[in-house]
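Student: The primary structure of each chain is shown beneath.
Protein chains: 4
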Amino acid sequence: MIVILKSNPNPDQLQGLRNWILSKGVQIHESTGESHTILGLVGDTSKIDTDLISALDIVENVKRVQEPYKNANRKFHPEDTVIKVGNTQIGGGSLTIMAGPCSVESEEQIIEVAKAVKASGATMLRGGAFKPRTSPYSFQGLGEEGLRLLLLAKKETGLPVVTELMDASQLPLFEDVDVIQIGARNMQNFNLLKIVGAQDKPVMIKRGAANTYEELLMSAEYVMAQGNEKVILCERGIRTFETYTRNTLDIAAVPSLRTLTHLPIIIDPSHATGKAALVSTLAMSAVAAGADGLLIEVHNDPTKALCDGPQSIKPDAFDVLAKKMKALHGFMQDLEG
Amino acid sequence: MIVILKSNPNPDQLQGLRNWILSKGVQIHESTGESHTILGLVGDTSKIDTDLISALDIVENVKRVQEPYKNANRKFHPEDTVIKVGNTQIGGGSLTIMAGPCSVESEEQIIEVAKAVKASGATMLRGGAFKPRTSPYSFQGLGEEGLRLLLLAKKETGLPVVTELMDASQLPLFEDVDVIQIGARNMQNFNLLKIVGAQDKPVMIKRGAANTYEELLMSAEYVMAQGNEKVILCERGIRTFETYTRNTLDIAAVPSLRTLTHLPIIIDPSHATGKAALVSTLAMSAVAAGADGLLIEVHNDPTKALCDGPQSIKPDAFDVLAKKMKALHGFMQDLEG
Amino acid sequence: MIVILKSNPNPDQLQGLRNWILSKGVQIHESTGESHTILGLVGDTSKIDTDLISALDIVENVKRVQEPYKNANRKFHPEDTVIKVGNTQIGGGSLTIMAGPCSVESEEQIIEVAKAVKASGATMLRGGAFKPRTSPYSFQGLGEEGLRLLLLAKKETGLPVVTELMDASQLPLFEDVDVIQIGARNMQNFNLLKIVGAQDKPVMIKRGAANTYEELLMSAEYVMAQGNEKVILCERGIRTFETYTRNTLDIAAVPSLRTLTHLPIIIDPSHATGKAALVSTLAMSAVAAGADGLLIEVHNDPTKALCDGPQSIKPDAFDVLAKKMKALHGFMQDLEG
Amino acid sequence: MIVILKSNPNPDQLQGLRNWILSKGVQIHESTGESHTILGLVGDTSKIDTDLISALDIVENVKRVQEPYKNANRKFHPEDTVIKVGNTQIGGGSLTIMAGPCSVESEEQIIEVAKAVKASGATMLRGGAFKPRTSPYSFQGLGEEGLRLLLLAKKETGLPVVTELMDASQLPLFEDVDVIQIGARNMQNFNLLKIVGAQDKPVMIKRGAANTYEELLMSAEYVMAQGNEKVILCERGIRTFETYTRNTLDIAAVPSLRTLTHLPIIIDPSHATGKAALVSTLAMSAVAAGADGLLIEVHNDPTKALCDGPQSIKPDAFDVLAKKMKALHGFMQDLEG
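Chains as they are written, first to last, in my numbering: chain Z, 10 to 346; chain B, 10 to 346; chain G, 10 to 346; chain H, 10 to 346.
Please keep in mind that the hints were generated in silico from the structure rather than gathered at the bench. All of these numbers come straight from a predicted model, not from anything done at the bench. Take every hint as true, because none was put in to throw you off.
Heads up, the list lumps identical chains together, so a pair's fine if it works in one copy or across two of them.
25 Å max Cα-Cα, derived DSS-like pairs, lysine-lysine: (1) Lys72 <-> Lys284; (2) Lys56 <-> Lys284; (3) Lys56 <-> Lys15; (4) Lys335 <-> Lys124; (5) Lys284 <-> Lys84; (6) Lys15 <-> Lys323; (7) Lys56 <-> Lys72; (8) Lys127 <-> Lys333; (9) Lys323 <-> Lys284; (10) Lys33 <-> Lys84; (11) Lys84 <-> Lys15; (12) Lys84 <-> Lys72; (13) Lys79 <-> Lys284.
Using the sequences and the hints, build the whole thing.
Tutor: Structure (structure tokens):
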């Protein structure tokens with residue numbers, strides 16, 4: 010951490026700052042130039058609150074050199090994290106394919122889609138029971154009943170399931186859920202992060218539409234700091250000025266997060282674009298970028314979808330895509346091999 | 010609502026769509042041109058899910074004409090909403106000044122600040138007990154004890170208090186709180202919105218850093234749809250590419266929201282900029298824009314602030330500002346006549 | 010085009026509007042509902058100025074149904090445009106690899122890089138002679154001398170060259186340049202677009218950092234409206250709130266623009282990220298997304314680069330990447346075939 | 010400037026870097042910690058290219074402490090710049106009101122508007138002759154004839170005029186223009202900036218829709234580095250995700266730029282919002298924020314405006330606004346006294 014002081018800092022305040030920093034077990038290297046004095050803080054600065062230092066009258070600017078996250082940081086955990094889920098694993102060179110409808114709508118629908126996506130090669134079943142919707146008048150998901158149907162589909166097909174937890178009160182219903190999803194709108198719902206951090210169950214955190222990689226990793230850190238290291242990251246598009254697509258898929262998140270963290274990285278091309286016609290192309294692009302997996306909306310009859318319809322592909326299109334993704338994944342592994 | 014069909018739509022699907030729309034109690038006006046057929050939906054379309062229509066194969070595009078919110082919509086409630094809080098009111102031509110520290114830190118601190126801001130003319134006391142922090146290693150607020158101290162300061166000064174509710178589990182502690190604040194990161198925590206919608210207490214919703222006016226109003230609609238009409242909106246800066254300020258204060262939110270809704274509008278220049286030096290200028294600008302009030306961070310010793318220090322002004326600066334804001338508010342009222 | 014009128018429009022103004030629209034050779038379909046009257050404009054509306062209609066007192070909103078571009082629109086030109094450049098072609102299933110240094114620095118440098126990238130499989134040589142730099146104190150390119158050296162490298166290697174034109178006054182020097190590049194900062198320099206539209210030479214337009222697909226296509230339209238149909242589009246990252254990368258590569262631009270237009274699409278992963286370590290991964294991702302080509306910065310000694318150094322890869326890394334891109338391109342063609 | 014080295018930097022490369030820095034006349038303060046070595050560069054670093062240093066293999070990160078602009082920097086020129094234009098001045102406590110139509114359309118129109126805005130208190134006349142339009146099919150301005158009419162209106166009213174220069178070739182026509190406007194889309198047209206920098210005439214630079222304060226100041230620096238110190242800055246809204254307004258007016262630009270630079274700051278609420286109904290409120294807000302002036306679109310018959318109609322107010326609304334702005338400006342001066 011580097012602290013840049015204003016010109017002619019008050020000597021007492023400067024001494025106070027020096028003492029406070031030293032009390033945190035951090036060393037100080039001081040450089041005095043013509044116009045500025047710079048303090049270089051050396052040691053473990055991850056728990057020093059930069060805002061606190063910035064607030065001082067004598068300080069012009071504070072810049073971090075080290076990342077503010079530790080558990081999620083690849084520097085301290087060079088090996089990729091691999092997470093076992095049922096008979097499958099996430100990370101470690103495998104290609105996870107999470108597929109299913111945006112919302113669970115009926116027993117018939119979820120069972121049919123689950124069987125179809127399993128036959129096509131999906132490794133996990135996704136489906137929403139509790140749905141965050143912008144409007145209070147939109148369909149909010151089947152709730153507890155939706156979860157029951159999703160778990161029925163798990164039983165029928167053997168596919169592990171991933172579904173969104175919107176509120177701590179829903180947690181008792183999640184016992185047989187394999188991966189808890191934290192939605193983009195809850196990425197900084199810190200109480201919820203702490204609660205899932207106290208579970209012994211994988212957690213997939215979706216990046217907020219206006220959150221940086223660092224903030225996403227800090228949210229992972231919230232979960233990990235509670236003892237739950239089974240965290241999966243999911244990029245699902247960020248909000249920009251472009252309106253043709255619902256969001257802008259930030260494909261650079263794959264190699265960037267790969268550098269910064271050891272956690273697995275999933276790409277959601279369905280929410281990222283909001284257009285079914287773009288999903289397959291972006292899914293292939295994500296596989297080539299080295300993503301650990303994809304989260305893809307599949308619906309047996311998109312014209313009946315109760316939410317997020319425009320971004321769902323049909324089972325036959327998914328079947329083609331799944332085969333192509335696997336072929337590409339194999340090709341990439343040979344190429345990089 | 011306008012539905013633009015693709016060229017040569019399948020006639021059966023089109024008839025199905027017509028029937029479905031009519032079943033919602035909405036009329037259809039159809040225009041057929043050379044390349045496109047357009048359906049004009051006339052009636053109360055606020056409960057029609059545009060995503061559902063967009064998902065149809067025969068549809069190219071759906072555009073809303075009416076706003077998707079009703080309770081918050083000025084068209085249906087032309088009169089400004091005025092909310093009574095203690096001896097003061099929010100909206101209706103008065104200037105609400107909410108002031109206090111980012112975090113409650115100690116009894117001495119909060120009492121001292123509360124007395125100071127009251128003497129300067131603040132009409133409400135703000136102070137954080139539960140603090141949303143990006144890092145799990147940063148100070149998270151004093152919690153229950155912080156709330157106790159805040160209410161002590163209310164008792165000492167008579168100032169009504171506003172403070173953030175981060176989770177439904179904290180609600181029992183909020184009995185004597187006057188206004189519940191929903192933070193920007195929880196603006197789309199829909200479960201929390203429903204819960205505060207079921208209370209008989211004013212709720213101030215802060216606009217999310219990447220949320221539109223319409224989304225903010227839909228969040229207000231969540232609260233109002235539960236029966237709680239005492240909603241206050243707060244603009245606190247949006248996330249843009251500019252990094253000199255923490256966020257970009259969207260001052261056009263004042264006249265824009267004024268047009269769209271009857272709810273009171275508060276501006277938070279402290280969070281919007283993250284720089285104490287800019288707070289006074291932006292506060293004056295907000296008064297001139299016709300905001301119903303300001304939310305201003307004031308700290309008795311910014312060098313000791315445990316969070317968000319760089320954006321707090323000191324009581325003496327606040328005293329000058331409060332007087333100037335009141336003078337300007339009076340001047341503007343005379344000018345507008 | 011759809012014109013939504015305000016409630017109870019003035020009948021004379023409405024009649025005036027109807028007459029004006031009809032005078033443009035466009036038909037009107039009118040739908041009158043309870044709260045709004047909607048005019049559906051049918052015919053060629055591409056030359057109707059929506060701003061002009063929006064300005065009318067009786068109009069609430071105007072929405073386009075048709076795209077405002079014609080020459081660049083795939084609807085009117087379903088076949089992909091293929092552009093011949095020297096012995097190579099851009100578009101039509103081939104993979105164009107434009108490689109070279111950000112700036113031409115010396116004869117030795119440009120000849121060495123040109124030979125290296127040709128040996129690795131590049132199909133075109135890129136190199137900047139006139140450089141747009143944010144600071145007047147940064148190196149601005151070798152200018153005329155740089156162009157001379159670039160053309161020398163073309164002669165030595167036979168590679169066609171692409172280089173940026175910043176100002177019409179430089180045009181006489183571009184006679185032997187194969188593709189004129191219009192930089193992102195000049196994407197809406199409409200005078201420059203008209204001037205290159207009057208040339209008989211391919212033009213590659215880079216998307217501005219804050220411009221939409223539609224605006225990019227309107228800039229292409231400026232060139233094409235002058236008679237020059239040889240336009241190439243280049244996505245080079247957009248400006249967002251994320252600061253880890255210099256810009257955010259919008260990979261969805263490939264399938265989105267593919268749908269909207271028949272023009273070839275090039276991806277520039279070097280400028281998009283500003284980090285050499287991310288270039289290869291994103292280039293592979295772009296090939297999988299179906300881009301017609303890549304623009305890649307290659308420098309023989311990045312430590313000496315006079316500009317944009319951090320995003321250049323070295324010839325040996327480019328050699329590995331070029332081979333992998335070709336292999337992937339072939340694989341994708343077989344897969345899609 | 011601070012250079013953060015990677016762990017275990019190559020000693021030869023490090024020595025090379027040290028020598029290169031010293032050769033620029035800059036001193037080095039070196040701090041070696043456990044994981045990082047930090048070089049503090051002390052002296053005039055404004056002409057050191059940070060990209061060049063970032064490109065080195067041994068460097069992890071480079072951060073500027075000093076601003077990269079000098080002529081525009083308040084630190085080196087503490088006094089506000091005041092620019093004389095005709096009988097009026099820009100900056101120095103006066104309130105400049107530039108008003109007029111988006112486009113000059115006819116002699117009658119521009120003379121009528123000019124007389125009206127003068128009578129209401131405008132200090133300068135604005136009007137576009139050369140218009141940057143997104144579509145090649147939209148009205149592009151009357152060009153040379155428009156300029157002639159604008160200068161006729163200047164003669165009639167005595168109001169100094171400000172109008173946009175889109176291309177160097179138009180410069181000979183600008184002899185009698187009082188202030189040359191560089192449009193937002195040309196903010197980084199560096200050749201054009203150099204050309205106006207070589208004139209002895211005030212230049213108003215509009216901030217690009219996606220440009221930072223620093224980039225705006227670097228564009229001012231381009232002009233000033235050529236010897237022309239009469240630069241005026243104009244904030245006209247930035248591009249964000251919000252679509253209700255055309256752009257988002259960044260009101261914090263006023264106090265922020267006031268801190269960073271000594272140049273006058275003008276606010277353009279018309280382009281910032283694209284909605285006439287919001288212009289007056291935002292203009293008042295800008296006066297309260299301390300802007301040196303406003304740029305306001307006024308049209309005698311908005312229903313006939315050939316471009317940008319929705320954001321123009323009529324002369325009678327401008328008359329009310331101008332009086333209110335002056336009253337507010339006087340009030341603020343007394344208050345700040």
